[in-house]
Structure formats: C-alpha cells, structure tokens
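> Chain by chain, the residues run as shown.
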Amino acid sequence: MNLKYIVAFGLVITSLLINVSMPSKVIDKINMITVSGYDKAEQNRIKETVVAPTYLEQGTVEDHVYTTSADTVYGNRVKLNSKASEQLLNGKLRVAFYSEELAKQGLKTPIEFLTRDTSIDSNLFLAITKVPAVELINTVKTKKGKGVYFEDLFEHNIIHGNLPDVSLKTFEDSLKGETSDPFLPMFGIEGETAKLESLAFFKDDRLVDTLPITQADVFKMLYENVGDGTYQYKSDDYNISVENMESTRKITAEKKNGSPEMTLDVRMTGVVREYTGEQVMDQKSKIETDIAQDFTEKANRIIKSFQELNIDPLKLEDFFKSKHRSYNQDQFKEDYSDMTIKVKADMRLTGTGTRR
Amino acid sequence: MLSLKDKVTGLMVFFLITASQVGVGVLGFQSIINKYAGNDAWLSVIVAGLMVNVLIWVMYRMLKNDETGDIISIHNVTYGNWLGAFFTILFVLYLVLLAIVVLQTYAEIIQVWMFPHLNIWAFLLLLLPLIYYTISDQFRIVVGVCFLGVVYPASLIFTMIFPLQYADMNHIMPVMDHTLIEIVQSSKLAIFSFMGFSTLLVYYPFIREADKSQKYAHYGNFYTTILYVLLCVVTFLYYNQSELTDVIWPTLGLWKIIELPFMERFEYFGIATLFFSTLPNVVLYLWAATRVVHRTFGFAHKRIALILLGIVFIVSFFIEGREEINFLNDTAAQIGFVFLFIYIPLLFVLNYIKRKVQKK
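Sequences listed follow chains A and B, in order. Note that the numbering used here gives residue 71 to position 71 of the first sequence, counting from 1, and the numbers run on in steps of one. Note that the numbering used here gives residue 294 to position 294 of the second sequence, counting from 1, and the numbers run on in steps of one.
Since the hints were made in silico from the structure, they are not lab data. These numbers come from a predicted model, not from an experiment. Ideal Cβ positions, reconstructed from N, Cα and C, are used throughout, including at glycine. Some clues are possibly wrong.
[Said to hold, decoys possible] Partial selection, computed: residues in chain A whose CB lies under 7 Å from chain B:
hint, residue
1, Leu11
2, Met22
3, Pro23
4, Thr118
5, Asp173
6, Gly177
7, Glu178
8, Ser322
So that you can see chain B by itself, here it is in the shape it has in the complex (with noise of 0.2 Å):
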C-alpha cells in the first residue's frame, strides 16, 4: 500500500495536469489547427478545452469510485483480469508512443534551429540518464518536475508581447466566420496538444484526498486552455492564414521578430526554455507506463523503467526527418482522439454498468 510520505497535496495536480498537457505542441499546434477554422481556430481550442474538462469529470467519476483509484483496477473490474490486462497494455503502448513523439519532436526542433549535426541517438543517451533519475524512484520526484515545468516557462508568455508590434486586427476578423462544424473539426486538431491528461488515470492514488483535488485537475486545464488561447489569437494577429499554413513552428517565428541589446536570436532561448515544459511530459508518460507494467505483472519498477528507455533510445534509431516525425505526431494524435473520445467514454458506461450489477 501507499504509504502518506508517497503521496503529494492536491494542489500538485494543477501542475501535474498542466505539465502533462503543455510541451513541444505550444510551438506550432497554430498552423495545425487551422485547416478548417482558418482565422477562427483560436475558438476551436476553446472547445477542445472544454471538451477535455468534461473528461477530466468523467475519469474523476471513474476513479472516484474504484477502490484502487486507478485504471489497472478499472479494467480488472470492468472487463475482468485477463482482458483488462490486454486494454491495460494497450494504453501503456500509448504511453510510450506519446513519450516517443514528445521526445523525437524537440530533438527535430534542436537539429533545425540549432545544431544541424546533431546526433539524435547520442543526444538522447544524455537525457535517458536524467528521465531514469526521475521515473525510477519515488513519484514526489516526477511531481517536483511537473511543478518546475509549468513555473519555468511560465516566463515565456511575457515574450508574446514583442510580436504585437505587427499585430493585425483583420487578419483575425471576423469572427465567427466559420460554420460550428469547421470549428469542432478544427478542434478535433487541437485536442493533440491537451493530451496527455490521461495520466491522471494511474497517479490519481498517489493524491492525498484524491477525491477533493478534482478542482484542481480543472484549473490546471483552464490554465492549459488560457495559455493556448493566447499564444494563438498572438499567432493569428502576427500571421495571416496563408502564411501561416507554410510555417511549421510559428511559435519559434514570433521570437524571431524579437530582438534584445545583449540577445539576437531569442528562439535559442525559448527552445533551451521549453525543454523545462518537454522534460515533464517525457517523465510523466514513462513514469505512468512503468507504473501501470509494475502494478499489473508486478515485476520490479526500476527494471522496467530500465527496459522502457531501452525501447525509447532503439525507437530513436529508426525514426528519420520531418515526415516520419510527422506521421508519429499524427498517428498519435489519431489514436489518442480514439482513446479519450471513444474509449474512455465507453469504458465510463462500461464500468458504471458493472457496478451497478455487482452491487445487486
């Protein structure tokens, strides 16, 4: 069992939603988005946030009324040990997907912006000690990054003041310009930078009073939503729509326009900066996948952590250039828009039924 010295207040899970959610996607999720709301995509990821808190409720519901409080005794109860198990494998293969492309993306981003000769699979070796630093011991260390990485980049948001300077009214009016329709499709787009929330599905029992912190998985998603919001309407007033479809990270663009007396290029800053917001999703996601094999095979935490960062570091040797990352991004962000939006509903009718006939 648990123990209290484990466990972390409930606050902590404004930053552990938070942290899971931001990362590499804040620097072009912009050009994605706006495939089919165009100027009006900044609405777009209004619904998606809101979309996402209706999730938030629901896994709380879940969780609230497991007895474990996590998803590994969800599926054991709802569809039985042997088949549970097999769902459970098959999310924490969506763990490490998401791990994979969150890693991949910010080592593209540093070979393009910064050192072209990068060696990914060398780069990669300097990390995995300190993401196995981090996953292999008590959760309070994951929980200690998830904080830094939403107080650190916090900062950034004052940078979004410089690209105002060019801030266009009329290429974001009208609005409303779209039909409802283009706006939840381009939604569908924008659910991809909320993910990874779903890891509240197995540190939930790691919460002190887990029951009273839903509020605070709430606020933790307003704070996600706010910041996007307001990196895109900069994004859009910087950019009109049919550039911004040819740029691929139009976060990075806008720091381009800034220039400081003692810094040239403020991009080098902000992508150094924003490893603080990609280090947490990474440990996040591994540190649930690990957790997950550990509590249903029950083999030792820190061997698995072990054989995880195996697969992460050899999945690196194979994984090449902008449309192989870009094929990872979007297979990920297909199959996590299944998991949240059909599974996770489902498995919530599922499990409700399941009780409801043991109960009798």
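Just chain A, with the same shape it has in the complex (with noise of 0.2 Å):
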C-alpha cells in the first residue's frame, strides 16, 4: 500500500517546513569573538570590551573591538550587536580579561555565563589586568589578530615558562571546591605590548594576593609537575641559570599530635644554561645544595604569606582530605595557619651544556 509512504513523506515533509523558519546561523552573517574583557563601571555596572576579527584575505585580519557597559553581560551583548555589523557570538572566544578592581569584588557573577553559555569552551583562558581590560586590548597591534595573539602568550607560558596550568576548567574547580582556592595570571602593559606580570591569588573569588611572574616557578614546582620550566639563581659567587627543569611533586600529610603536618617534597633535575663562575664541573655538588636551598626559602615564603592570608591555592586540603578519613573541614580551617608545612627540594644537575 502506498498510503503509509505518502503519510509518512508528509510527516517528514511538514516536520523539515515547521522546522525551516528556525533561525539560522551563516558563516558569514556571523562575527566570532575572540578576546573579551572586563571593567567595572559606574553604578556597579559592567564594561565589556570584544575583538570579533574579520579575515580580509589569506593571512591578514582586521580586529574590530568594541566597548559598551551593561548590568550583565550579556545586557552588554545587545548594545555591543547594536555597533557591530554581523551578530556576535561566543564560539570561538579564547580569552577572557577581567580588570583587577572587578577582581577584587569578587569574579563569582561576572564569569557566571562562562559556565552557563554552551558554545563556551572549557579551555578558555582567563586573566586579571592591571590596567583596565579595554586598555590591555586595545595597546596590543598585532598582525595575527588579537585572539590568537594572547591565546599563543599563555600557551607557550604554559609549557615552557613560569605560568601554571590556568584555564576557565581548572578556574570553575578550584573556585567551587570547597577545599581549594584560585589563582589566575595577571597581565599588565609596558609600553606597547602587554606583559605577564605576576600571578593573582584569590580568596573565594575574591583576588587578595599578588606573587610577581619572576618568583612562579617555585609556586609552578610546588603546585603541579614540571615538565619544561627554568630557574635563576644568583649569589655572592656566581649567578647561575638552570633550563629544561624537570620536577615532581610529592606531598605527604601527617598527623602529629592531633595537627596535621604537611610535607612537600620536590625533586628537581635540569642543566645549566649560563654560569658566571669556574668551572662548573667542580662546584657541582655545591651548587645544587645552593639551589635547592634558595628554593627552600622561596617557597617557604609564599607559603607563609598564603597562611597569614589563609588561602590554599595549592590544595592542600584537598590533599590531607583524600587521605584522612579523620578530615574534618572545619578543624583543618582552623588549624590551616599555623600548620606545620615543610618543603624538601632536591636538585640535581644533569648537564653543563657543551663545556665544562
């Protein structure tokens, strides 16, 4: 019988025509945001900032950035579609500024619809400026278009140089973790560019604490494993610069008399890049005491200065609770500032390069 295939070519038909009017989205009826950042504005309002890039011909972009302010941002949304010649949308936006007063109010709301928006991707990166964000955006020129530009910055910070591994994911954990606090970089302009200056503690979502991006490798080394990062080390003696650092992590956490007491214990190998001493071969052994003891003090320090602010971006809680089955979050709060930490380094030298 052909009847069911005449219904059923109808249902089909009427389905794909209801269907039809859905809005749609072209290619190039759409401009993809890149880059957005964030300010406070006047009656508590929030200025947003985007680079939406238009590819000209092969190679070549054009940035167009626009600022509007709005309650929300996405309040922002209407009035920034309002300049922009094709709709905006957020698929492809790779990094997310928000300026440091903003910061220090608290980053709970304004990166809310970072997590809510399903065309946000995971691996976006987030960062606090200095300088307002519209200004941070608008002193970078460069011909490979914004978006692209800071996404490359942090990438190869992440790999090889002194920034942790930050992205909107490990943000979103470290923030509704209960056991954990975050931190983001930080950028600032100098000059013409802009610059990866220090690294932004936060305490809930609130920024309290800078450490400059100079002194982040020992916080790098204490926080996660290191597979490429360097050290400087300079003394009365000699000034020495170690690359191709390799480090692992351990903790330990015990419990010594009803308090617990933490243990970081990390290993370092790497190989020396620049020695302004003699003979290198000899002083060896010297050195690598040197090192891991400069290291030592370091990350004493900032963990110090973590106790008094009483943060944890390390996780240490979160440590001692995977391991305690006595964890109780109130007591280890209490107990956290004074809390015994210790911070075992271990250097070794691997190679001197091609002399001696």
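The task is to assemble the complex, starting from two chains supplied on their own in separate frames and drawing on the hints.
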C-alpha cells in the first residue's frame, strides 16, 4: 500500500517545513568574538570590550574592538550588537580578561555566563588585568589577530614558562571546590606590549594577593609537576641559569599530636645554560645544594604568605582530605594558618651544556 | 504461534538488554547519583548493577517456568484473567511513560545544546515514521536497531581519554568515605539508568532456546555496569563534587574539553551519535507496549502501534522546560523502582505459590 509512504513522507515534509523557519547562523553573517575584557563601570555596571576579527585575505586579520557597559554581560551584547555589522557570537572565545578592580570585588558573577553558555569552550583562558581590560586589549597591535596573539602568549608560558596550567576549567574547579582557592595570571602593559606580570591569588572569588611572575617558578613547582621550566639563582659568588627543568612534587600529610603536618617534597633536575663562576663541574654539588636551599627559602616564604592570608591555592586541603578519613573541614580551616608545612627540595644538575 | 523465523538467537539478548538500559541517561546520571554517596557514588553503580543482575535472574526463573513465557501469561496465571489484564495495562503505561521520558529528554538536550529554537513536536514528526517502521512489523527489526545501538556508540568510550588530562585523584579519594547506607541510597538513584531491561518480560518468547539465553542477559548487564562505572569514575576524577552538583549534563561537559584539529566542539558529534543509543530505548519500550496490548486484547499490532505513537506525540505538546522534564524523570524513576524492587519480587513469590497450588 502506498498510503503509508505518503503519510510518512508528509510527516517528514511537515517537520522540515515547520523547523525551516528556525533562525540559522550563516558563517558570513556572524562574527566570532575571540577576546573579551570586563571592567567595572559606574553604578555596579559591567563594561565589556570584545574583539571580533574579520579575515580579509590570506593571512591578514582585521580586529574590530567594541566597548559598552550594562548590568549583565549579555545586557552588553545587545548594545554591542547594535554596533557590530554582524551578529556577535561566543563560539570562538579564547581569552577573557577581568580588571583587577572587578576581581577584588568578586569574580563569581562576572564569570557565571562562561560556564552556563553551551557554546563556550572549557579550555578558555582567564586572566586579570592590572590596567583596565579595555586598555590592555587596545594596546596590543598584532597582525595575527588579538585572539591568537593572547592565546599563544598563554600557551607558551604554560608549556615552557612560569605559568601553571590555568583555564576556565581549573579556575572553576578551584572556585567551586571547598577545599582549594583559585589563582589566575595577571597582565599589565609595558610600553606598547602586554606583559604577563604576576600570579593573582584569590580567597573564594576575591583577589587578595599577587606574586611576581619571576618568582612564580617556585610556586609552579610546588603546585604541579613541571615538564619544562627554568630557574635563576644569584649568589655573592656566581649567577646561574638552569634550563630544561623537570620537577616532580610529592606531598605527604601526617597527623602529629592531633594536628596535621604537611611535607612537600620537590625533586628537580635541570641543565646549566649560563654560569658566571669557575669550572661548573667542580662546583656541581655546591651549586645543587645552593639551589635547593634557595628554593626551600622561597617556597617557605610563599607558603607563609598563603597561611597568613588563609588561602590554599596549592590545594593542600584537597590532598589532606583525600588521604585522611578523619578530615574535618572546620578543624582543618582553623589549623591551617599555623600548620607545619615543610618543604624539602632536591636539585640535580644533569648536564652543563657544551662546556665543562 | 511464533515461527522459528520470527525468533532471534540467544546472543541477541546481550544487545537487547544493553540497548534497553543505555540511553540519554549516560549524559547526566553522574550528577544525580552523587546526592548521597558523593565521591563514592561509583560504588553505588556497581551495587545497582548487581541488584539488576538478581532481578534478571528472578525474571528468568518466572519466564522459564511459564508456558508461553511472557508477562501477560504470568499475570493471567497468577491473578486470573481480569486482575491480570489490569496489571498488564499498568505495565503498558509504565513502558509508554519510559518512552516519553527518553524522547523528551533527548529533545531537550538537542534544544539546549544544538538548536534552541527547535520545535519539539515538529522534530518528533521526523522520528515517528522511523519508530513506526521499526515497531510495526517484525521483532527482528527492533533487534537490528538494538544491535546497532550498542555497536555504534561504543566508539564513544575512547573519548573518555581526553578528560583524563584534568583528572585529579584527590577528587575521588578516599574510597569508601561514606557509609554503606549512603551508598545504597545512591544506588537507588542509579537504578534509573539501568531501567528498561524489564522489556525482557515481553520479548522472551522471541528468543530461540530462550531458557539458555540467561547468561547473555547477565553479560549485557555487566557491559552496561562496566560502561557506567567507567564513565562515573572519569567524571568524578574530572569534576570536584561541589562543582558536579551544579552541572546538568556532566558527560557533555567532559566532551567540551575535547578539541580536535577538524572539530572545534565534540559535543555535537556526541549528541548526534547518542541518537543511536536513544532510538533502541524508545523503539524497544514502544514495541513491548504494543506487543503486550496486542496479546491482551487481540487488536491488530499495527493499529496499536499507531495509537501509542499518537499518544507519545500528543503528550509532547504538554511538556515544556527543565522542571517538567525533571518531574517526568523523577516520576518514572519512582514508578520504575517500585515496579522492579517491590512488584517483580512479589509477582515472583505469588507466581511460585500459585504454580505449586495448581500442581497439587
């Protein structure tokens, strides 16, 4: 019988006809935002700056920058769209900047939309700006597009530099978790370029402290296993620069006399790249102990400041919780500020380059 | 009577059981089951899987001892014709409800993630001919859909490697941090993801040498359990518990982290592939419902299929938004729990007594 084919065909056609009026998004008629920046505006409003590139011909990109302010981020989108020639969409958002002022007030609400919107990538990079975000975005002049520029800046610093792995995913994880506090990189302007200046530490969602990026190598090695880092050491006798640093971090948590005691054991290996003293081979063991000692001192200073501020970006509580069934959240938080946290460091120089 | 041509081999029970269990639930069960047992909820999945194994054993015991070997005849033997028919109708309603829940949940995901302006009833028009084609004729077509519904989405297991770059052991340790009671409470929530295997009570007569197929049913359930435990562990390693509670579809969140050179967003591929896993659910439930009505009242199979599809379609007009779908899911879970853990064992006992009495 042919009737059933006619009916089935009819249903399919009806379905398509009804859904054909669905708003579609044609690639030529949309503009993908690659970078967005948020500042505090008057009356608790949020000022949003977005960068949306247009690809002209092979290899050339023209970035359009739009700025408006409104009560919510998406309130801004209405205004931004009234300025843009194509509809602005989030699908390609790579980097989001928040001004220091906003971060001190609390980031929970301004980043809320990032996790709610289905089109936004979890690998997105977040950062704080020392100057207003709009200024930072406008300062950067690049031919490869601001989105790619900032993304590359983040990526190589994470893989080879002092920046620990930071993304929307890790930030959200530390923010929502009750046993850790988040941190983010902080950017500033130097002359005509953007510059990664420091790491910004948060208590809950508020910025409370910063650590210069030059000292962040120690933090990074305390925070995670590093695959390719550097270390600079300066003493009265010599200066040394160690490259190809690899480190493994091991935490042990014990309970002594009822109060927790943590030990962070960091083992590092590296290759000498620059050395101002004499005969590095003879001095090897001395250099190794010097660096280990220097590392321990710096690490102790960093941890001390965390304890004073009562923040836990190293996720020590998280670790303690996973190892001790007797863990009690209130008790740990109370103990944290004067807990014994030891740092053990071990440095091994595995090579000296092409010279003895 | 069913001829040998209508029947399928025992091995197919593996696919039928798995396909009836795995569905849209895999996208979101992790953030539901952690309510009581937190980071130990993956143990609850194992507990739930074992309980389902026991139920499968119970069902097989009933079916093997029955002459025809389906729920209609078991009901009739146990309760007599009238009361038996009443309970059979309740079973049909349960199956139709499950089919509606699955379809609506899948449509909601498409609406939230892919096409926000999608007209759900019009979308259903596209699916209904396909479902009708599958359920209106031979059972073998349903089995074919179930087979593909297990094989195609199996490739998605490999995508679970990507989220492991953010895996944190501290999220899941220490194991057994919760009491046994909490784990069992969570396993009650996990049972919902295993539901649907009760269609076994309907398609049992369609299996060749059915009494020897029991091991495949258990294997099928083991496969589902392993799949869920794997997914659950990866999710718990990726999210910390307080974050997970806020996420509606954790599995899609896991896919969000995947970036391939040729594909910016993996979720879309995942959602589309999961259609192969959703379709067998719907098809199997509706086929079973149709079959049961046909066996009870003797109406033409095709006509019943049309009427049931009509009901599913009309209901879709009345369901809108997260809360209603959530309500539907919770109701189906409650009913299913009562059906599986109270009604089935009760039926087993009554059926046993009745048969003993009749023999004497």
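> Could you run down the list of hints and mark each one as holding or not?
To see whether the hints hold, each was checked on the structure:
1. Leu11: 5 Å, holds
2. Met22: With a minimum Cβ separation of about 5 Å from chain B (threshold 7 Å), the hint on A:Met22 holds.
3. Pro23: 6 Å, holds
4. Thr118: 5 Å, holds
5. Asp173: Given a least distance of 6 Å, the restraint on A:Asp173 holds.
6. Gly177: 4 Å, holds
7. Glu178: 6 Å, holds
8. Ser322: 4 Å, holds
The structure meets every hint from the earlier list without exception.
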